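K.L.:
The chain contents come next:
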Amino acid sequence: GAGVSQSPSNKVTEKGKDVELRCDPISGHTALYWYRQSLGQGLEFLIYFQGNSAPDKSGLPSDRFSAERTGGSVSTLTIQRTQQEDSAVYLCASSPRHGGTEAFFGQGTRLTVV
Amino acid sequence: AQSVTQLDSQVPVFEEAPVELRCNYSSSVSVYLFWYVQYPNQGLQLLLKYLSGSTLVKGINGFEAEFNKSQTSFHLRKPSVHISDTAEYFCAVSAPGSSYKLIFGSGTRLLVRP
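As they're listed, the protein sequences go chains A and B.
Just so it is clear: in the first sequence, position 46 is 46 by the numbering used here, and no numbers are missing.
Just so it is clear: in the second sequence, position 64 is 1064 by the numbering used here, and no numbers are missing.
Don't read these hints as lab results, they were simulated from the structure.
The structure presented is a predicted model; accordingly, all values stated were derived computationally and were not measured.
In this text, a Cβ means the ideal position worked out from N, Cα and C, and glycines have one as well.
Treat each hint with caution, since some may be false.
Here are the in silico distance ranges between beta carbons for each label pair [claimed, not checked]:
id : chain 1 : residue 1 : chain 2 : residue 2 : range
1  : B       : Leu1051   : A       : Ala54     : 22 to 30 angstroms
2  : A       : Val12     : B       : Phe1014   : 37 to 45 angstroms
3  : B       : Lys1058   : A       : Ser73     : 18 to 26 angstroms
4  : B       : Ser1028   : A       : Arg64     : 43 to 51 angstroms
5  : A       : Ser73     : B       : Gln1042   : 18 to 26 angstroms
6  : B       : Leu1056   : A       : Val12     : 42 to 50 angstroms
7  : B       : Gln1045   : A       : Gly16     : 32 to 40 angstroms
8  : A       : Gly71     : B       : Asn1061   : 32 to 40 angstroms
9  : A       : Gln84     : B       : Val1029   : 34 to 42 angstroms
10 : B       : Pro1079   : A       : Arg64     : 42 to 50 angstroms
Using the sequences provided together with the hints, build the complete structure.
P.N.:
Here's what the structure looks like:
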């Protein structure tokens, strides 16, 4: 596709269930980010993948959160044992390389934990 | 580590009036600076960026920003706003020492009134 694609666009899950959020970056982009945007809040950095380097996981809020990027392309963010405070919009972005290049954002996945 | 401060959570302004959205950053190394805009229910879009060179940067939709190293600021300005400029604006920074990951401020909601 022409842009960053995220799926699903909306996800409602019960507290305690696991969820997987998917991000398809723009083809050829080596850098991929996950951010979390809570209602009325800014963008909280979660994790950053750059090429074959070890990911920067410094923003993951707890060990219930994990992410992987297979083959340097598609990424999956997994939240285990979801809690109500996990409710937010999860945004994915990709960029062609690191260092001053624009990050292109997807439309996000709105996660609601009930 | 880098950080970004957007002191104004909301800025109301009348249509055709000038506006300035403030952004201050903290970093011990040289940084790249960005402004993104998020329209309701949409992803983030790049407005402009500063990498090096001229400290006055022009972006899309008539916006511009000025990098001031001594004041560690990167304020966004527009001489005359339109109703359609109503959106959330995010300032962001990246730096080589942090693997270039984008760190965002908490955002400023620009509310343009007729």
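K.L.:
Does the Cβ-Cβ separation between Leu1056 (chain B) and Val12 (chain A) fall within 42 to 50 angstroms?
P.N.:
Roughly 46 angstroms apart at Cβ, these two residues keep to the hinted range, so it holds.
K.L.:
Is 32 to 40 angstroms respected by the C-beta to C-beta distance linking Gly71 (chain A) and Asn1061 (chain B)?
P.N.:
Hint holds: Cβ distance 37 angstroms, inside 32 to 40 angstroms.
K.L.:
Could one say that the CB atoms of Ser1028 (chain B) and Arg64 (chain A) fall in the range 43 to 51 angstroms?
P.N.:
Violated - the Cβ-Cβ distance for Ser1028 (chain B) and Arg64 (chain A), about 32 angstroms, lies outside 43 to 51 angstroms.
K.L.:
Is the hinted range of 37 to 45 angstroms satisfied by the C-beta distance from Val12 (chain A) to Phe1014 (chain B)?
P.N.:
holds (40 angstroms)
K.L.:
Regarding Lys1058 (chain B) and Ser73 (chain A), is the given constraint of 18 to 26 angstroms on their beta-carbon distance met?
P.N.:
violated (34 angstroms)
K.L.:
Given a hinted range of 42 to 50 angstroms, is it respected by the beta-carbon distance of Pro1079 (chain B) and Arg64 (chain A)?
P.N.:
Holds, at about 47 angstroms.
K.L.:
Using the beta carbons of Gln84 (chain A) and Val1029 (chain B), state whether their distance is inside 34 to 42 angstroms or not.
P.N.:
Check passed, 38 angstroms falls within 34 to 42 angstroms.
K.L.:
Falls inside 32 to 40 angstroms, the C-beta gap from Gln1045 (chain B) to Gly16 (chain A)?
P.N.:
The hint (32 to 40 angstroms, Cβ to Cβ) holds, given that Gln1045 (chain B) and Gly16 (chain A) are roughly 36 angstroms apart.
K.L.:
Return holds or violated for the Cβ distance of Leu1051 (chain B) and Ala54 (chain A) against the range 22 to 30 angstroms.
P.N.:
holds (26 angstroms)
K.L.:
Would you say the C-beta atoms of Ser73 (chain A) and Gln1042 (chain B) sit inside 18 to 26 angstroms of each other?
P.N.:
With a Cβ separation near 24 angstroms, Ser73 (chain A) and Gln1042 (chain B) satisfy 18 to 26 angstroms, so the hint holds.
This entry does not satisfy hints 3 and 4, going by the numbered hints stated previously.
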